[in-house]
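Turn these sequences into a full structure, and let the hints steer you where they fit.
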Amino acid sequence: MAGVFSCLVSFPAWAGLPYTECESYLRSGWFRFDSNLKMPGGPLRGRPLADATPSPALRVLTAMERNIFVETVPDSVWAVSNFITQSGPSLAWIPKVAPKKLTLVREQEPSGSWHLMLRLQFPKGSPILYWPQNSDGLLGPPGEMTDVLIDFGAHRLKGEERKPYGYFKGLVGLYALQSRMGSTAFKVRMVRKDKREIFEYPLGMPSAIKLRLLELFLERTGEINGGEMYHTITNNCVTVFQILLEASGFLECLSTRSERMLHGAVSWIPSGLVWSLRNRGVAVGTKPHVLKVE
1 MAGVFSCLVS FPAWAGLPYT ECESYLRSGW FRFDSNLKMP GGPLRGRPLA DATPSPALRV
61 LTAMERNIFV ETVPDSVWAV SNFITQSGPS LAWIPKVAPK KLTLVREQEP SGSWHLMLRL
121 QFPKGSPILY WPQNSDGLLG PPGEMTDVLI DFGAHRLKGE ERKPYGYFKG LVGLYALQSR
181 MGSTAFKVRM VRKDKREIFE YPLGMPSAIK LRLLELFLER TGEINGGEMY HTITNNCVTV
241 FQILLEASGF LECLSTRSER MLHGAVSWIP SGLVWSLRNR GVAVGTKPHV LKVE
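Under my numbering, the residue at position 163 of the sequence shown is numbered 163, and the numbers go up by one with no gaps.
Honestly, the hints are just simulated from the structure, not real lab data. All C-beta atoms, glycine included, are put in the ideal place defined by N, C-alpha and C. Hints are supplied without guarantee of correctness; some may be wrong.
[To be verified] Computed spacing ranges between beta-carbons, pair by pair:
1) T234 <-> P164: 17 to 27 Å
2) V290 <-> L262: 38 to 48 Å
3) D75 <-> V172: 37 to 47 Å
4) S255 <-> L139: 51 to 61 Å
5) S126 <-> R47: 32 to 42 Å
6) E223 <-> G166: 21 to 31 Å
[Stated by the list, open to error] Below 25 Å or equal to it, Euclidean Cα-Cα: the simulated BS3-like pairs (lysine-lysine) are:
7) K158 <-> K38
8) K169 <-> K292
9) K193 <-> K292
10) K195 <-> K292
11) K195 <-> K100
12) K163 <-> K195
13) K124 <-> K101
14) K193 <-> K163
15) K287 <-> K100
16) K38 <-> K210
17) K158 <-> K169
Right, dumping it as structure tokens:
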């Protein structure tokens, strides 16, 4: 490892990273900003969390961590790590612009349960730039992407990355909450390979609300990075998005207790949220179409 560090510190990109701190950012040739994560609560509190379940958790980089880039990070982007691409976990610049299109995506998981995601399609003139999260990738030209999925999921213990999700485990505090972002095309290929289903629901939304929703997602990601527990019913892939939709101004908060109880009883699962959105006047397609990537 000393030889790798000696090579790395010779590049200007490392001017802001002291030599003594390099090891905390590099493991087996790949940069990591989330090593030694622990279960934040529950009966497994303090146990090591997996690096990926199967995807690593998105991380918004701090001011010091942004020094890793060869170029100065502009104010017009968010800098993140663990952005998922076909090349693996990547460093990325997410433009602070409203996505051109936003849709709900419902994916069938290997366990047979359904998972909710949002698909963001950015304008072609404002792509996400990304660099594979290793020394060769960082020093090479960036890739570009405009079509991504964002979601929240269950973060498992180290060694349990491939174990199927379990509703009961989520009820008794055996998962941490995780935030993720990555390539739509890569995700769809993985789903097709496993012969699972993935559907998309068109969702009309003003540009200002789309941008605000993206901002809230990244703010929520920062909170989750501080350590937060997943819960099958109250803090899962669906309920977190419903809260963001309300906070963005896209959905009005329900005014009566009976409405809150009715919608809360169903909107903790993907199909229930779709029903809730329609019932609240949102134009969501009655027949979802199979998600395809251009």
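Here is how each hint holds up against the structure:
At about 21 Å, the beta-carbon gap between T234 and P164 stays in the expected band of 17 to 27 Å. Here the CB-CB span from V290 to L262 is close to 30 Å, at odds with the stated 38 to 48 Å. Checked against the hint of 37 to 47 Å, the C-beta distance between D75 and V172 comes to roughly 44 Å, which is consistent with it. Under the hint 51 to 61 Å, the C-beta atoms of S255 and L139, about 55 Å apart, fit the expected range.
A hinted range of 32 to 42 Å for the beta carbons of S126 and R47 is consistent with their spacing of about 41 Å. Look at E223 against G166: about 25 Å separates their beta carbons, and that is inside 21 to 31 Å. Using a Cα cut-off of 25 Å, the hinted pair K158 and K38 holds, with the two alpha carbons roughly 9 Å apart. For the suggested pair K169 and K292, the alpha carbons sit about 32 Å apart, so the restraint of at most 25 Å is broken.
Straight-line distance between C-alpha atoms of K193 and K292 comes to about 14 Å, which keeps the hinted pair within the 25 Å bound. The straight-line distance between the Cα atoms of K195 and K292 is roughly 14 Å, inside the 25 Å bound, and the hint therefore holds. As the CA atoms of K195 and K100 are separated by approximately 29 Å, the hinted pair breaks the 25 Å bound. Between K163 and K195 the alpha-carbon distance is near 18 Å, which keeps this suggested pair within the 25 Å criterion.
For a cut-off of 25 Å, the pair hint linking K124 to K101 stands: about 12 Å separates their Cα positions. A threshold of 25 Å between alpha carbons decides the hint, and for K193 with K163 the separation of about 18 Å falls inside it, so the pair holds. Note on K287 and K100: the hinted pairing holds, with a Cα-Cα distance of about 22 Å set against a maximum of 25 Å. Our distance criterion of 25 Å between C-alpha atoms is broken by K38 and K210, whose separation comes to about 33 Å.
At most 25 Å may separate the alpha-carbon atoms for a hinted pair to count; K158 and K169 meet this at roughly 15 Å.
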